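Novice: For reference, the chains in residue letters:
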Amino acid sequence: MAVVHERTLSVWENKIKPKVQVAGSGPPVVFLHGAYGLTWDPFLDELAKSFTVYAPEHPGTTWGDPDGIKPLDNLWDLVLYYDEIFDQLGLHNPAVVGHSFGGMVAAEIAASYPQRVSKLVLLCPIGLWRDDTPVKNWMVLPMDEVVKAAFHDPNGPLAQQMLTLPEEETAQHDMQIRLTWALACTGKFIWPIPDKGLKKRIHRIQSPTLLVWGKSDKLVPPVYAQEFANRIAGARIAMIDHAAHVPQLEQLGQVAPLVRDFLAS
Amino acid sequence: MKISMFHLMPYRDLPDDFEQRYHSVWVDPPWNELGNAEKVGQYYNWTLDELIYAAKSGIDGICVNEHHQNAYGFMPNPNLMGSVLARATNGMDVAVVQMGSTLPTTNPPTRVAEEYGMLDCISGGRLVAGMPLGTAMDATLCAGITPIEQRERYYEAHDLILKAWTAPDIFAWNGKYFQLPMVNVWPRPIQKPTPPVWVPGLGSLSTWEFAAQHNHCYCFLNYYGPVVGRGVMDGFWQFIAQRGIEPNPFRAGFLQLVAVAETDALAEKLYEQHIRYFYSKSLHIPAEFFFPPGHQDYRSLENSIRKGLLKSTFEQLEAIPNYKFKDFVDKQLVIAGSPATVRDMLRDAVKNLRVGNLMVLLHIGSMPHDLTLRNIDLFTREVMPHLSDTWDDKWENKWWPERLRAKRQVSLAAL
Numbered sequence: 001m002a003v004v005h006e007r008t009l010s011v012w013e014n015k016i017k018p019k020v021q022v023a024g025s026g027p028p029v030v031f032l033h034g035a036y037g038l039t040w041d042p043f044l045d046e047l048a049k050s051f052t053v054y055a056p057e058h059p060g061t062t063w064g065d066p067d068g069i070k071p072l073d074n075l076w077d078l079v080l081y082y083d084e085i086f087d088q089l090g091l092h093n094p095a096v097v098g099h100s101f102g103g104m105v106a107a108e109i110a111a112s113y114p115q116r117v118s119k120l121v122l123l124c125p126i127g128l129w130r131d132d133t134p135v136k137n138w139m140v141l142p143m144d145e146v147v148k149a150a151f152h153d154p155n156g157p158l159a160q161q162m163l164t165l166p167e168e169e170t171a172q173h174d175m176q177i178r179l180t181w182a183l184a185c186t187g188k189f190i191w192p193i194p195d196k197g198l199k200k201r202i203h204r205i206q207s208p209t210l211l212v213w214g215k216s217d218k219l220v221p222p223v224y225a226q227e228f229a230n231r232i233a234g235a236r237i238a239m240i241d242h243a244a245h246v247p248q249l250e251q252l253g254q255v256a257p258l259v260r261d262f263l264a265s
Numbered sequence: 266m267k268i269s270m271f272h273l274m275p276y277r278d279l280p281d282d283f284e285q286r287y288h289s290v291w292v293d294p295p296w297n298e299l300g301n302a303e304k305v306g307q308y309y310n311w312t313l314d315e316l317i318y319a320a321k322s323g324i325d326g327i328c329v330n331e332h333h334q335n336a337y338g339f340m341p342n343p344n345l346m347g348s349v350l351a352r353a354t355n356g357m358d359v360a361v362v363q364m365g366s367t368l369p370t371t372n373p374p375t376r377v378a379e380e381y382g383m384l385d386c387i388s389g390g391r392l393v394a395g396m397p398l399g400t401a402m403d404a405t406l407c408a409g410i411t412p413i414e415q416r417e418r419y420y421e422a423h424d425l426i427l428k429a430w431t432a433p434d435i436f437a438w439n440g441k442y443f444q445l446p447m448v449n450v451w452p453r454p455i456q457k458p459t460p461p462v463w464v465p466g467l468g469s470l471s472t473w474e475f476a477a478q479h480n481h482c483y484c485f486l487n488y489y490g491p492v493v494g495r496g497v498m499d500g501f502w503q504f505i506a507q508r509g510i511e512p513n514p515f516r517a518g519f520l521q522l523v524a525v526a527e528t529d530a531l532a533e534k535l536y537e538q539h540i541r542y543f544y545s546k547s548l549h550i551p552a553e554f555f556f557p558p559g560h561q562d563y564r565s566l567e568n569s570i571r572k573g574l575l576k577s578t579f580e581q582l583e584a585i586p587n588y589k590f591k592d593f594v595d596k597q598l599v600i601a602g603s604p605a606t607v608r609d610m611l612r613d614a615v616k617n618l619r620v621g622n623l624m625v626l627l628h629i630g631s632m633p634h635d636l637t638l639r640n641i642d643l644f645t646r647e648v649m650p651h652l653s654d655t656w657d658d659k660w661e662n663k664w665w666p667e668r669l670r671a672k673r674q675v676s677l678a679a680l
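If you're matching them up, the sequences are chains A and B in order.
Counting in my numbering, the first sequence runs from 1 upward without gaps.
Counting in my numbering, the second sequence runs from 266 upward without gaps.
To be clear, the hints were calculated from the coordinates, so they are not data collected in a lab.
From a predicted model like this one, the values you see are computed outputs, not experimental measurements.
Possibly wrong hints are sitting among the right ones.
Restraint ranges, calculated between C-beta atoms of paired labels, are given here [as the list claims (entries may be wrong)]:
1) 506(B) <-> 178(A): 31 to 37 Å
2) 169(A) <-> 314(B): 48 to 54 Å
3) 131(A) <-> 296(B): 49 to 55 Å
4) 503(B) <-> 145(A): 37 to 43 Å
5) 281(B) <-> 145(A): 25 to 31 Å
Cβ-to-Cβ under 7 Å is the rule here; a few derived chain B residues that face chain A [what the hints assert, rightly or not]:
6) 408
7) 409
8) 411
9) 413
10) 553
11) 558
12) 559
13) 563
14) 566
15) 567
16) 570
17) 571
Note that CB positions come from ideal geometry on N, CA and C, so glycine has one too.
Please build the complete structure, drawing on both the sequences and the hints.
Specialist: Structure, rendered in structure tokens:
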């Protein structure tokens, strides 16, 4: 496992103090996590073998800084906030990898600042909407249903891990608070329908883009892969068998090299 | 003290297997399968008749509220009901208690200022202005308000409404959620500086602080009775003492389900099925709808998870479908029985909770119209007169329309 360093930044007139996990060496890659908060996982370990991975936490989701969500009112603020984060990390135009909610944020950054994103990898991003195939609102689904929709094998170890809470009471409470608040903070930018205008801006993306989607994704159904690809010039799609909304972990052996090769090319 | 009849206006004829067949009573019960507009027309009229009957029978106030997309209680605009009630009770010393327009979902909130202004004018200054935050179901799921913004939006709407009522001049409102170039509300209420404001809550510290800061009446509205309510209200009075605020019982309100019959045995026979209907069908709501992430602010979230409050609430809810009449009464979820039983239990409850503004739910779940009138009749004749002097010797109800503060004199000939 990579040695992960944790940095705390101070941005937005010092009102927000997000943590950033940093590991590896090589060209910079920013990883933007999904709605349940950041967990350093084997996929990031794999990336860190070839790149310097920077994984910032979305505002408010950092433990100890729950009010970090308050100074940002909307998606415009959030995109500007990430511009400041990139500046503080000294990243001029890193590659950006975003998962789910983080995928939407990554696409918004790349559409707002086409020169700031050298390459873009979107893992089952939200951000577009089809009336005939709605994105599931995970904020009002019980956890077992989220797991059924998000994993190809809901009974497998990965899925079960998500349903298992720590035994020790304080740790259990900490985790419940952390997960709930991460959903609350990310939900600020997507409630009640995660279509906040990306469709009007997405054509501005200039970076080479790779879309990775699990074929069994029932949270954000795979038809959205084509919706994204149709709007981003030259975007490539990789549909992954035996994977749903977390293909980078469900099929780590396939997805990690795919992403690495795309970023290295 | 002041006693008001609260009405939810529920769907009274849900199928017997409703809670097995349907996901929720709120947000997603399919109208096309369950709703019958002819029946609903009858319910609205019964509801109005029941409240007007209570007013004529001597009750101090009549309450309606706002909820959306549900069979639990569906007056999507409580002010439509309130305006009928205000008109029909002119000449009676009864308060029109709107509990009320949901602030964060009414856009612009000056709409609430206007409609409440209308009600106060129509009723001749008899309005109590309830200012609810709204349930998560209503605000976030039915109205699309972002959960983490619901409370902040509520605070802003509240400040705007009070300013709209009291500002001497036209003003511009440059808020975070609302921007209005020239606020100049017509009409303004008769009551000066404003009608009494009641804030419904479920025990969160944030709401206590808000009510205290503005000197509003705090109303604990829930369906679990004075035993559960005691924990919350003790906390509230402790909070009031710590702040050095006058512990006037009238700064608090409490809602209680009440069912009266001639005898205890008859009460069981008449009301059990309707009480069971209420707790198993009208309250058939999944936990995910109650608390979407962000609906609780961070401090309340921490508090409720660390103290196991959410867990214990839902464990308790899960046990209720198996309750018999005796369980409901023993646990005092419902105060039910003969007039003597009800007045003793209610007197103890009011004293223990230190509550000056009592709201009683006299229509419960599937109760038919006739039985509701009978409940109202027994309650107002046999129970209420024994309670109405409570607290009056020492305290003034500053949270009641000024012209109605004296003890209500009722001529029964009015019936």
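Novice: Each of the hints needs a verdict: does it hold here or not?
Specialist: We went through each hint and held it up to the structure:
{"no.": "1", "hint": "506(B) <-> 178(A): 31 to 37 Å", "result": "35 Å, holds"}
{"no.": "2", "hint": "169(A) <-> 314(B): 48 to 54 Å", "result": "53 Å, holds"}
{"no.": "3", "hint": "131(A) <-> 296(B): 49 to 55 Å", "result": "20 Å, violated"}
{"no.": "4", "hint": "503(B) <-> 145(A): 37 to 43 Å", "result": "40 Å, holds"}
{"no.": "5", "hint": "281(B) <-> 145(A): 25 to 31 Å", "result": "27 Å, holds"}
{"no.": "6", "hint": "408", "result": "9 Å, violated"}
{"no.": "7", "hint": "409", "result": "4 Å, holds"}
{"no.": "8", "hint": "411", "result": "4 Å, holds"}
{"no.": "9", "hint": "413", "result": "5 Å, holds"}
{"no.": "10", "hint": "553", "result": "5 Å, holds"}
{"no.": "11", "hint": "558", "result": "4 Å, holds"}
{"no.": "12", "hint": "559", "result": "3 Å, holds"}
{"no.": "13", "hint": "563", "result": "4 Å, holds"}
{"no.": "14", "hint": "566", "result": "6 Å, holds"}
{"no.": "15", "hint": "567", "result": "6 Å, holds"}
{"no.": "16", "hint": "570", "result": "5 Å, holds"}
{"no.": "17", "hint": "571", "result": "5 Å, holds"}
Checked against the numbered hints given earlier, the structure breaks hints 3, 6 and satisfies all the rest.
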